[in-house]
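Visitor: Chain A with the ligand: place on chain E using the hints.
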Amino acid sequence: MAAVAVSSLLAQFAPVAPESPNAEGIRDSWLFISIFVFAIFVLVESLLIAFVWKYRRQKRGRFADAAQVHGATKLELAWTAGPVVVLFLIAAFVFIELPGIKDVPDAAAGEEQLEIKVSGRQFYWEYEYPNGVIAVDTMQAPVGVPVRLEVSAPDADVIHSWWIPSLGGKIDAIPGTTNETWFQAETEGTYSGQCAELCGLEHARMLASVEVVSQDEFDAWLAERADDPAELGQEEWEGVCAKCHGMNGEGGIGPRIAGSPTLTDAEALGNLVHNGRGAMPAVGAGWTDEQIRALVSYLTENPPSGS
Amino acid sequence: MAARAEATVPAWQRGRVASWLVTTDHKRIGILYITTSLVFLVLSGLMALVMRLQLAQADADIVGPERYNELVTIHGTSMVFLVGVPILAGFANFLVPLMIGASDVAFPRLNALSYWFFLFGGSVLMLSFFADGGAADTGWTAYAPLSIQAPGNGQDLWILSLHLLTVSTVAGAVNFIVTIHNMRTRGMTWTRMPLFVWSILLFGWLIMAVMPVLSAALTMLLLDRGISIGPVDVQTDFFNPEDGGSAVLYQHAFWFFGHPEVYIIVLPAFGMISEVLPVFARKPIFGYKAIVASTVAIGFFSMLVWAHHMFTIGLPFSLQAFFMISSMVIAVPTGIKIFNWLATLWRGNLSFETPMLFALGFLSLFVIGGLTGIYLAAFPIDWQVHDSYFVVAHFHYTLLGGVVFAIFAGLFYWWPKMFGRMLDEKLGKWQFWLLFVGFNVAFMPQHFVGLEGMPRRVYTYANEEWEGYNLASTIGSWIMAIAILLFAINVLKTRASGRRVGNDPWQADTLEWYTTSPPPPHNFDDVPYVTSARPLYDLRRRLREQRGEREPA
Ligand SMILES: [Cu+2]
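Chains E and A are the protein sequences, given in the same order.
Heads up: the first sequence at position 15 corresponds to 15 in this note's numbering, and the numbers run straight through without jumps.
Heads up: the second sequence at position 242 corresponds to 1242 in this note's numbering, and the numbers run straight through without jumps.
Derived from the structure by calculation, the hints contain no laboratory data.
Small disclaimer: the values here were computed from a predicted structure and weren't measured.
Wrong hints could be hidden among the right ones.
[As the list claims (entries may be wrong)] SDA-like mimics (lysine to any residue), calculated; alpha carbons at most 20 Å apart, straight line: (1) E/LYS102 to E/VAL145; (2) A/LYS1429 to E/TRP53; (3) A/LYS1426 to A/PRO1528; (4) A/LYS1289 to E/GLY71; (5) E/LYS102 to E/ASN179; (6) E/LYS54 to A/PHE1352; (7) A/LYS1429 to A/LYS1493; (8) A/LYS1289 to E/THR80; (9) A/LYS1429 to E/LEU48; (10) E/LYS74 to A/LYS1289; (11) E/LYS74 to A/VAL1292; (12) E/LYS54 to A/LEU1342; (13) E/LYS117 to E/LYS54; (14) E/LYS102 to A/ALA1321; (15) E/LYS54 to A/GLU1353; (16) E/LYS117 to E/GLN140; (17) E/LYS74 to A/LYS1426; (18) E/LYS59 to A/TRP1346; (19) E/LYS102 to A/ILE1325; (20) E/LYS54 to E/PHE38; (21) A/LYS1429 to E/GLN58; (22) E/LYS102 to E/GLU150.
[To be verified] Here are some, though not all, of the chain A residues that point toward chain E, as calculated from beta-carbon distances under 8 Å: (23) TRP1020; (24) PRO1108; (25) ARG1347.
Built from N, CA and C at the ideal position, the CB exists for glycine as well.
Looking at chain E on its own, in the form it has when it is part of the complex (with noise of 0.2 Å):
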């Protein structure tokens, strides 16, 4: 039972459970590391036990010298050799693993990369598909296509990162650069991260999810939402407005909103969006005025209840 108990432990000491190649690198290059890890534990931690056991004073003085040995200088040759050799093979997986993690692989034959831009703000994410259609915190990607993802923040908003652990590692998003990463989903599902960079008040708040998808899905969904930003308008609602306000408006670290003439006026919450107010950021800084109609007729289509 212990022995099942501490395996079942042990198995989980790694990355989860990878659903992408570089997640799959990273999850390999862990496990390498983890047999010299564990080695290194059992046995320093086996040899303290045993000193502690076998040395103990038992009936001598308690003060009573014991082996005046001042060191061995083949041992201390042999234990900083032996690590520099551990690490040496360590840093050798690791670059040999490294292609497959960093690079994006090629296009399958016949088939496009796709690339969406990732902008991290305060306290949502927004992303930009090849076509110009904007969504709001929840990812659709289509499966077996290696997308690649511009990651940036905007110059007046603060770092994040994004991390969705299943499909790979964290690539920070900094005002005023744009960083690279990459994912190539291998089955459908939907997979979760979020922002893992303080970013103030909501950082906890900041999910992402990746929906990935047949091809087909996906290019009908990408479709219908350059026609019909009526999803936009909600995701904006809930991703954008929602985290400081409530979800009905009832107001969270930020005021209450529900019933306020402002949530359908669209030059007004424009303004508001665009430009920020008191302690409120300038959550839409660059928003389209398709992104503010969009979450305008939401709100109009779905006023807030308040409670």
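Guide: What follows is chain A with the ligand alone, placed relative to chain E:
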């Protein structure tokens, strides 16, 4: 010398409180440092308890995001700047002159100044909770541009506090360096110097090398936030990308200081372990010169690894590879220390009083923190676990499981020298086991929850699968709180009725045990000529030979 000093002390300075306020005695300043740091340890520990309560359950509502972010920031800042560095400076103050056979540090008045700057800076940080807009809430790293944009005065007070603490730390470092270089007693060559003194020498040099960089970064941050000098408003854009600054520049400056800072704290803890283990094993330290060399090597390489905190900012891969290798290089001298400590136990006559328990606890826990560091040094893996709870677990294993255990080993070991009374062994052993168990219950699960995707510095989480790990952490934090409470009780009990001891209750090896417990203001009436790294061992052996006694069996 002593008599003359006492004669010139004006009457008003001889009062019970006044004598502490005006003291320039390194021992009293050391005790002031240690006591003040312990108070800050309790305060920052309480902050951690509140954070753990908030995180015990998913979607809890005990403290809101504002307060949580303030707690996370001040807990981290305080543990590093108000506990880690100054408590070790306190030990250094008390011990270095005694260990090298000197009557005080080189600049006693500067020493007092550095303590009062520490108290002042620490008070500014703690009182900043009451500032307009609350305390700083951007993490102990205060990354720009978040810290530039932070409203209120909390961030400004955080900068002020760190500026004061930097002055205090640098003044202290100068003092230790000059003292160690110039004031060693007759016969104490570099290779006969106690290993703790070696660690303080590196502590001093590292502080001199990197603290000015932090000061510069803080000043630039302050100017970026904007200040007014009379009618002139100054507002720069060093780190502000909106007007051409570089957000990443701040991170380089911060971590050029920040990584060596870890070793500024860890090296003296290593030094204390190297003093305690041999005394309780009745052996000389194994590989004295190897340990000295590894201390110097760690100090040097610690200045070449800073960007391993920045693997996710999109550095060129060649740079990431460099910083991976330099970080791995540090593992080698660290391993040398661990193996030498183990070899010190080998064939020993081990006795398990509380200082030894804490030293062994340190050894067993620090290894874990060191090993998880290997994963973090491998940059592609760091992309996965950076800024997750895995990192929180890693650095708590090195700083709490490592440094705090070493500090308690030191407190229990040197308490009789400082106050002439032995801390209670029974309470001490209870404290050790509670702290050891509580620590592992609190921090072992954080490795797993981090690997599952929980980022650090979040005030809440929605994922219910993370609840079990977090609840365990919270329970562990309260077990640790009981252990710290036992220490407080122990201190009070010992003050009232602790067993009085002579000069050298542990039959130890270094010079501080040659003088009385507590030592007189001038430390020594005479200092024996030092013939090895273990002057008191040599002295005891010579005495036995003179009396014609045999080795104790
Ligand atoms: Cu963020």
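Visitor: Confirm or reject each hint.
Guide: Against the structure, the hints:
{"no.": "1", "hint": "E/LYS102 to E/VAL145", "verdict": "holds (16 Å)"}
{"no.": "2", "hint": "A/LYS1429 to E/TRP53", "verdict": "holds (18 Å)"}
{"no.": "3", "hint": "A/LYS1426 to A/PRO1528", "verdict": "violated (35 Å)"}
{"no.": "4", "hint": "A/LYS1289 to E/GLY71", "verdict": "holds (9 Å)"}
{"no.": "5", "hint": "E/LYS102 to E/ASN179", "verdict": "holds (12 Å)"}
{"no.": "6", "hint": "E/LYS54 to A/PHE1352", "verdict": "holds (13 Å)"}
{"no.": "7", "hint": "A/LYS1429 to A/LYS1493", "verdict": "holds (15 Å)"}
{"no.": "8", "hint": "A/LYS1289 to E/THR80", "verdict": "holds (14 Å)"}
{"no.": "9", "hint": "A/LYS1429 to E/LEU48", "verdict": "holds (19 Å)"}
{"no.": "10", "hint": "E/LYS74 to A/LYS1289", "verdict": "holds (14 Å)"}
{"no.": "11", "hint": "E/LYS74 to A/VAL1292", "verdict": "holds (17 Å)"}
{"no.": "12", "hint": "E/LYS54 to A/LEU1342", "verdict": "holds (13 Å)"}
{"no.": "13", "hint": "E/LYS117 to E/LYS54", "verdict": "violated (62 Å)"}
{"no.": "14", "hint": "E/LYS102 to A/ALA1321", "verdict": "holds (13 Å)"}
{"no.": "15", "hint": "E/LYS54 to A/GLU1353", "verdict": "holds (17 Å)"}
{"no.": "16", "hint": "E/LYS117 to E/GLN140", "verdict": "holds (12 Å)"}
{"no.": "17", "hint": "E/LYS74 to A/LYS1426", "verdict": "violated (41 Å)"}
{"no.": "18", "hint": "E/LYS59 to A/TRP1346", "verdict": "holds (17 Å)"}
{"no.": "19", "hint": "E/LYS102 to A/ILE1325", "verdict": "holds (18 Å)"}
{"no.": "20", "hint": "E/LYS54 to E/PHE38", "verdict": "violated (23 Å)"}
{"no.": "21", "hint": "A/LYS1429 to E/GLN58", "verdict": "holds (19 Å)"}
{"no.": "22", "hint": "E/LYS102 to E/GLU150", "verdict": "holds (14 Å)"}
{"no.": "23", "hint": "TRP1020", "verdict": "violated (36 Å)"}
{"no.": "24", "hint": "PRO1108", "verdict": "violated (35 Å)"}
{"no.": "25", "hint": "ARG1347", "verdict": "holds (4 Å)"}
The earlier numbered hints that this structure contradicts are 3, 13, 17, 20, 23, 24.
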